[in-house]
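There are 2 protein chains.
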Amino acid sequence: MADALPVTFIAGKTGPWQIERITTVSGAGLLAAERLLVHEGADYTAPTVSPTEATSSPDWVLRGAVSNQRYTTAAELTRLNAQSPALGRPDATVASLIPITKSNEWWELAQDERRAIFEETSHHIRRSMDYLPAVARRLHHCRDLGGPFDFLTWFEFAPINAAAFDDLLAELRGTTEWTFVEREVEVRVTRGPR
Amino acid sequence: MADALPVTFIAGKTGPWQIERITTVSGAGLLAAERLLVHEGADYTAPTVSPTEATSSPDWVLRGAVSNQRYTTAAELTRLNAQSPALGRPDATVASLIPITKSNEWWELAQDERRAIFEETSHHIRRSMDYLPAVARRLHHCRDLGGPFDFLTWFEFAPINAAAFDDLLAELRGTTEWTFVEREVEVRVTRGPR
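Protein sequences, first through last, are from chains U and E. Taking the working numbering as reference, the numbering of the first sequence is continuous, increasing by one, and the terminal residue is 194. Taking the working numbering as reference, the numbering of the second sequence is continuous, increasing by one, and the terminal residue is 194.
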């Protein structure tokens, strides 16, 4: 990857993804909305709202950046790259946006302590790898951007793999790593014409 | 550290730090300016320039965030915390802002590969530790923010330690890690009344 890629998730009345449900897993939730738009690049600005065009205002906007790996080793990266599908597969008509905030306790840990919990204890990469290539994934970092979340993870898969994806989420939520998650919301969407 | 702390460095006509020199080490430099202001918190916005107040416009503005450690181990962090002085010591009247951009080749490396170059090969932490507590240091991350630099490092020291600080910079610039640095500027400032 070259420069960090800014990505903005805009929930409102427009966008190619229909929001099926927004589930609050822990902490504060997110407002209900109809559609989700994923904007790549730095130039997204929220529309100006006039009294007669109130519907053009998004319900919420979350920003992140596709950035460098923080925990993945070279050996893991080789295996991940070999098995990870691209976003935008025609049959991947279901997607999930999972914004997460971890606790101050997590962020105060040193790099080796976080890595040990992340993989050696909680097997975040190994567990996720079991769901490749069915589930495409892209991680967006936002802690340094000062927003309400630390990460926005975006997953895409075919409807037939939705149950398996739910199993992955349940597995991860049972790990030691997840004891440091203090806010988590799942936004489940399907691709469909407006 | 709790949430990432946004910090803005504003070069222009005002601020407690007088800019002594701006040295381009590699890549593109920065515009000359008289004074430097360090603003902590998210609410800095560049002043609106009117034709009669052109001097109020900053020469340049760089933003970063004090964020979590990316390479430091728990053992290293314990030693660093024990020896690292706070910013703002009365006798630390010299400071240096060093904005750096690393190459795509660096950012495409896996975490363990970057860590190995950073410390096991280049001894970034060990070398820096030799200059504690003389040199106070704070690192600001900005790669995910989309600005022109990846890091802004701020150092503060007494005038008597300026030569030692220059030795540290020369040492670091000779390491393997620095072969991945494609842009580096040093802004040397002294604290003085305006």
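Since the hints were derived computationally from the structure, they do not count as laboratory data. From the three backbone atoms N, C-alpha and C, an ideal C-beta is built for every residue, glycine too. Hints may be right or wrong, so weigh each one.
Stated by the list, open to error - The calculated label-pair distances, taken between Cβ atoms and stated as ranges, are:
#1 14/E x 41/U: 52 to 58 Å
#2 28/U x 43/E: 20 to 26 Å
#3 90/U x 85/E: 55 to 61 Å
#4 85/E x 127/U: 39 to 45 Å
#5 56/U x 28/E: 36 to 42 Å
#6 169/E x 90/U: 52 to 58 Å
#7 31/E x 90/U: 45 to 51 Å
#8 29/U x 88/E: 47 to 53 Å
#9 28/U x 20/E: 46 to 52 Å
#10 88/E x 14/U: 46 to 52 Å
The hints, checked one at a time:
Between residue 14/E and residue 41/U the C-beta distance comes to about 34 Å, which lies outside the given range of 52 to 58 Å. Distance hint for residue 28/U and residue 43/E: a CB-CB separation of about 23 Å, consistent with the stated range 20 to 26 Å. The supplied range of 55 to 61 Å is met by residue 90/U and residue 85/E, whose beta-carbon atoms lie about 58 Å from each other. In this structure, residue 85/E and residue 127/U meet the distance hint of 39 to 45 Å, their C-beta atoms being roughly 43 Å apart.
In this structure the supplied range 36 to 42 Å holds for residue 56/U paired with residue 28/E, their Cβ-Cβ distance being about 39 Å. Checked against the hint of 52 to 58 Å, the pair residue 169/E and residue 90/U passes, with Cβ atoms roughly 53 Å apart. The supplied range of 45 to 51 Å is met by residue 31/E and residue 90/U, whose beta-carbon atoms lie about 49 Å from each other. Taking 47 to 53 Å as the suggested C-beta distance range, the pair residue 29/U and residue 88/E does not conform, at roughly 40 Å.
Distance hint check for residue 28/U and residue 20/E: the Cβ-Cβ separation is about 48 Å, which falls inside the suggested range of 46 to 52 Å. For the pair residue 88/E and residue 14/U, the supplied restraint of 46 to 52 Å holds, since their beta-carbon distance comes to about 49 Å.
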